[in-house]
Structures are given as C-alpha cells and as structure tokens.
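Take a look at the letters that make up each chain.
Number of protein chains: 2
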Amino acid sequence: MTLSEAIKTVEHIMSEIINSDVKVLRDASSHILSAGGKRVRPRVLMATYAALGGTDYVYAAPVAAAVELVHTASVVHDDINDHGVMRRGRPSVNAIWGRTFALLTGDFLFTKVYELMAPYRDLNIDMAVATSALVEGETLQAAAVKEQNFTREVYYEIIARKTAALFRAAAMMGAKLANASEATVEALGHYGYNIGLAFQIVDDVLDLTADTAQLGKTSGIDLAQGRGYAAAYNGNGHAGVGTAVAEVEVADDVVDSIKRKMLAGDAIQDAKAKARQLADFAIASLAVLPESQGKDDLIAVANYVVDRQY
Amino acid sequence: MTLSEAIKTVEHIMSEIINSDVKVLRDASSHILSAGGKRVRPRVLMATYAALGGTDYVYAAPVAAAVELVHTASVVHDDINDHGVMRRGRPSVNAIWGRTFALLTGDFLFTKVYELMAPYRDLNIDMAVATSALVEGETLQAAAVKEQNFTREVYYEIIARKTAALFRAAAMMGAKLANASEATVEALGHYGYNIGLAFQIVDDVLDLTADTAQLGKTSGIDLAQGRGYAAAYNGNGHAGVGTAVAEVEVADDVVDSIKRKMLAGDAIQDAKAKARQLADFAIASLAVLPESQGKDDLIAVANYVVDRQY
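Chains F and W, in that order, are what the protein sequence lines are.
Quick note on this note's numbering: the first sequence kicks off at 1 and runs consecutively.
Quick note on this note's numbering: the second sequence kicks off at 1 and runs consecutively.
Among the clues, some could well be false.
Ranges of calculated distance between the beta carbons of each label pair, as one might list FRET restraints [stated by the list, open to error]:
| id | chain 1 | residue 1 | chain 2 | residue 2 | range |
| --- | --- | --- | --- | --- | --- |
| 1 | W | 15 | F | 122 | 24 to 30 Å |
| 2 | F | 19 | W | 153 | 20 to 26 Å |
| 3 | W | 293 | F | 30 | 46 to 52 Å |
Simulated from the structure, these hints should not be mistaken for lab results.
Since this is a predicted model, take the numbers as computed values, not measurements.
From the three backbone atoms N, C-alpha and C, an ideal C-beta is built for every residue, glycine too.
Chain F with its partners taken away, still in its complex shape (with noise of 0.2 Å):
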C-alpha cells in the first residue's frame, strides 16, 4: 500500500467516526475536514509505522486518525479565539455556523479522538501528553501575547507545545504500532520533533510572505494577534506589537510597518534557514532505519515542510 493509499483510509475512518446524528456536529465536521489541509500528521505516523515494517494500515490509520482530529479540533476552537473567518480555503466553522456551534464542533471532534484511540491501551498517554501540550502551548502563545512577552525563547517554547509535541507524538506512535525498539521510538521521536517545530517556523512565514488566497486561511493573522515568528523577532527579541493585547488586534498599518520590515531584512531568510537545519537533523535521526520507500516517504515529507509555498 502507498502512502497515499494509506492516507485514503485515514480519511474514510474520519468522515465514519464524525458521522453524528445530530446534523450541526456532522455538518461542521465534515465541511473542515473535506477542505482537506495537508494532513502531514497522519502522514509522518503512517510512513513512520511503513518504515519499520508494519503492514496492517487498518491497525495503524485510526490512530492517524484521532492524530488528525486533535489538529482539527485544535484549528476549530483557535478560529473562534482569532476570529479566524478563512480557513483551508473555505470560512471557518465560526464564520458560518457561529461562535457556539464552533465551540462544540471542536469539543465533539477531541470526544472522537477518545473514540478512536480507546483500542490502543500504550499510546493512549501519548496521545494525551501531546495533546496536553498543544492546549498549553496555544495558552502560552494568548499568555505571551496578553503579558506582552513575546520573546525569541518564549516562541520556541510555544511552538514546541503547540505544533512539535504532536508531530513527535505522531511518529513515535507510528513506530509504536510497528512495534520497533525504545532506541527507534526515540530517533523518530527525534525526528517528528524537529520537522514539527520547521512545520510551524515556515508556517509563520508564510503567514507574513503567502496572501490569502494561496494560504486558505486569513494571512497575517499572527502578526496582527502579536505573535508568531514575526512578532518574536521584531525589536530585539521583545514583540513589538506585543502591545497588543489579548482579542485586542493591531491596527493594519501596524502589521503592515512590521511586514515590511520583515520582508526587508535578513528574518525571513534566517527563518528558513533555521527551519531547513530543522528539517536536516529531522533527516539525520532516520539513519536508523533500513532504506524502504516508507523512509523515502518520511525524507519527502521532511522536505516539504520546508519547501512548500503555502
């Protein structure tokens, strides 16, 4: 099976497991899940658990699955704190069905992740570690942004939480599933680590360099909530438009100063710079493994982390 057959079935469990019979839950599941979204996550578990020689993909997708979900339900729920009306190239669940409705939609989508994962005794911690971790890290992220703390170290602690800890998650499980070594589980664990924190790092650029169109979600909106790579590091490591305060935004011209200050200097290079070394040590920690298209998979995904444009 390919990776991309593989993924086929991690998409049929999701569009099963949100299949409530109360219609709002249904529609507002559905309506972001087939917007698609580059389902990176349960590609890094699933050619994770290919690599090490695992072959039954009917025991290894639901846990792509619920690793998905955790991430949908996570970008739910932030579109209502961030007013987000774009996302995956559609409105948001909050544009369309409201501030309420958005709240249970993502509160329904993490009941299906307890769901999905209740087979899987040894990697239910895991899961519940990294998704602990992504709460905290979004917290971290409005606490910064409130506190007006925004520091370099404050960043890297965040996006740690808040996007590496299920990236880690997710290629630890897959090596898990595959039933390989505590030394595999770790060098993968490595692996999902750091493609985790170039994922969010490019992420951040993107959100300054992409517009909207090509993001599918509202562009800019890190800088203008005070946050993100940009706000990190502008003004000496202190966000300077970390005076905005939390459900405060900033004012255009603002973010507009700051963008092309960004896009003027040497940040948006370094910024890639360092997510391309992330993406490297990431590919290091594979060396472990036995040459298999399930590595050449995992190599491919590191490289797209970094290079794609939106």
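For chain F, the structure is supplied; the task is to place chain W on it using the hints.
Using the frame of chain F, we list chain W on its own:
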C-alpha cells in the same frame, strides 16, 4: 474506607493532574475545581464500586476524577456560550480570565481526562461515548433554541445526552472496575441514567425557584436562553421563549412572566414528581445488589438528587 474518604482521594487526584507549568491553566483549573460542586458523578462511581465489593480505591479513583473533569470542562465551556458569570458560588472562569483562556482551560481539562483514562483500556470506550453524548446534547440544546423547536420530546432527548449519559457511564464504569457481571453493569447503568435525568430536571426547576446566591450560579439563565424545563413546558410543548435565537437573550420581563406562570401552576410540582419517580426507578435497579454501605450510599445519592434545595 467511607464514601467521603473516597471522594477526598478523587479530589487529590484532580488537584494533582491539573498542576501544569502554564500558570493560567493551573490557576483557572484550580479555581473551578476548588470551588467544590456536588461531586455527584464521582460519588455514583465510587459508591457503585464499593457496593459491588471493590476495595482498591486507588485503582478506581482516577476514573471518578476523569468523570468529574469531563463535567467540569463542559461547565467551563457552557459558561462561555451562555455568558455565565457565576459558577459554584464564584465568578466563572470566563468572567475572570476571559473567553480565550476559558476555552483553553476547558480543552485542557478534556485532555487531562485522556491522561487519567489511559490505563483503563476497557473503560475508554464508555467514557468516549458518554463524552460525545454530552457534547451532542449541548449542541441539540443550542440548535433547539436557535430553531425555536424546544419541545418536551426534544427536552428529554437533550437531558438524556447532556446529563444522563455521563451519570450512566459513571455507574457502569464503577461496576466494571469491580468486575461485576454484565447484567449487574446493565442494572447500574439504568440506575445512573435515571438519576441523571432526575438530576437535570431538578436542576432546571432550581434554576426557576432558587436565587443566585443559593444556586452558586446565575439563576434563570436557562429560561433567559430559551431552554430548560420551563421553556419546554411553556406554551403547549413549544417554547414560548424559543423566539430567542442563540446568543441573544430574552428580555427580563418575558422571563419574569414565564417564571410567574411556571411557579403559579402545577408545572413545578409535576417536574418534582417526575424527578421523584425517576429516582424511585433508579433505586429499584439496585435490587440486584446485596445490602452494604455502598448500596445505602447509592440510595442516599438518588434521594439527594431529588430532595436537594440547590
């Protein structure tokens, strides 16, 4: 160990598990948990466990803590959607920390449920199903208000999911932890389900009859939101206040007029009689159990649920 000692163990587990290094999550979680609350759901679980011969409280208590965290997470999210400013006699998380942090605190509590439940393979699906049902019930409620379709039938469907499902799971999981037979698990499930329904009906009556200071949360909020027992039972089974759309509150004078109508007629007495009947059904389900302190505790919980004044 007595039931109140068992609940102390549950309290201890809850206070430990929320100990994040992210201050606002720790503070907000501790704020809502340390405010107390009735702890009815963990009582049901621990008393069921004891009534069926269970003695390893350290083994059963994390599951009871997880049940209470599901309830607490839903309460924190409810207060966002309902603009509730008071809860358990204190300002709501929403009122103190704002919407963004309240949403993340609820998510954080949900993630801690996973963490607590990770070792209990066979119970995870019970918990997942109950949690999904809870979110579905909340969603049906918001949809019924929005669609002006808050009939008696819809009311029972809503409370079955948003409240009875978790009570049912608490009792069933308590029984399973004590290795009870399938028939006994089923009987305890009926007990939990019926006291869950009774609990919610009494809650809705108290929302009308008790004042805010007694309740520890904003009274009349259900009616103001066009839902709850009063809304379902006013106007020939169609919500007279159902003209309220989600997130738009009903004018105070409309609420007062319906409240007077409810309190003047037999509606309150009818509701109390229904709750009493459900509690009696619940107690009847306990016939399968031998006499024990645990069984007496379960009977006491059923009576408390209908006799409580706040």
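Worksheet item: Does the Cβ pair residue 15 of chain W, residue 122 of chain F satisfy 24 to 30 Å?
Response: At 27 Å between Cβs, range holds.
Practice prompt. Using the Cβ atoms, figure out if residue 293 of chain W sits within 46 to 52 Å of residue 30 of chain F.
Written response: Hint holds: Cβ distance 49 Å, inside 46 to 52 Å.
Worksheet entry | Hint check for residue 153 of chain W and residue 19 of chain F - Cβ pair distance inside 20 to 26 Å | holds, 23 Å
Going down the numbered hints, you'll see the structure goes against none, and every one checks out.
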